[in-house]
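Just need the whole structure built from these sequences, with the hints factored in.
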Amino acid sequence: MRRLLLLLAILIAAYVGYPYLTLYWLDQALLNDDQEALERLVDFPQVRADLKAEMQGQVLEKAAEIKEKRPILGTFGQALTKLVAPGLVDSSVDGMVTPEAILSNPTVVEHREKNESFVDFITYAFFTAPARFIFDLKDPEKPDSPTVTAIMTLDGFRWRVVGVEVPPLEQLLSKVP
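Under our numbering, the first residue of the sequence shown carries the number 798, and numbering increases by one thereafter.
Don't read these hints as lab results, they were simulated from the structure.
Treat the hints loosely; a few may be bogus.
What the hints assert, rightly or not - Listed next, the in silico DSSO-like pairs over lysine-lysine satisfying Cα-Cα at most 30 Å (straight line):
1) K911 <-> K939
2) K935 <-> K911
3) K935 <-> K849
4) K939 <-> K849
Have a look at this one:
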């Protein structure tokens, strides 16, 4: 009976610790410029699809708000947004959410050159369901920077990043100089 309880305790500890180990592997992939490891740990097609849907929804929602404030100009703007926004969002996300783009990001390159871990960027990390784990990221050097939430799910026997939740457009755009 003791062995069974010990085995159960070890399995639970391994299960609870595994997503944190995955965060460590992500950190190491970024620091070592390891594209293959990053591709194993992040489901890039899924992340891009989710991010495109989220960003397109935010852009169209903003266009609808403008239409309510300025009916004539807003109607034209909303129609134009519906026509142009999907292509702009898709091409932007496709260009920015790739292993190559992430590994060549200036912040990532700077940390890699200094051999500094990205652990400081994580402000929260915990389970939201038995097979779902989230972690919040924020630039520690910029206290007013927006928080981005990454979502990991248990895919077979490994944890993978499958989504990213970004703050509302107003918050993102207010930080642009």
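Here's how the hints hold up against the structure:
| no. | hint | in the structure |
| --- | --- | --- |
| 1 | K911 <-> K939 | holds (18 Å) |
| 2 | K935 <-> K911 | holds (19 Å) |
| 3 | K935 <-> K849 | holds (21 Å) |
| 4 | K939 <-> K849 | holds (26 Å) |
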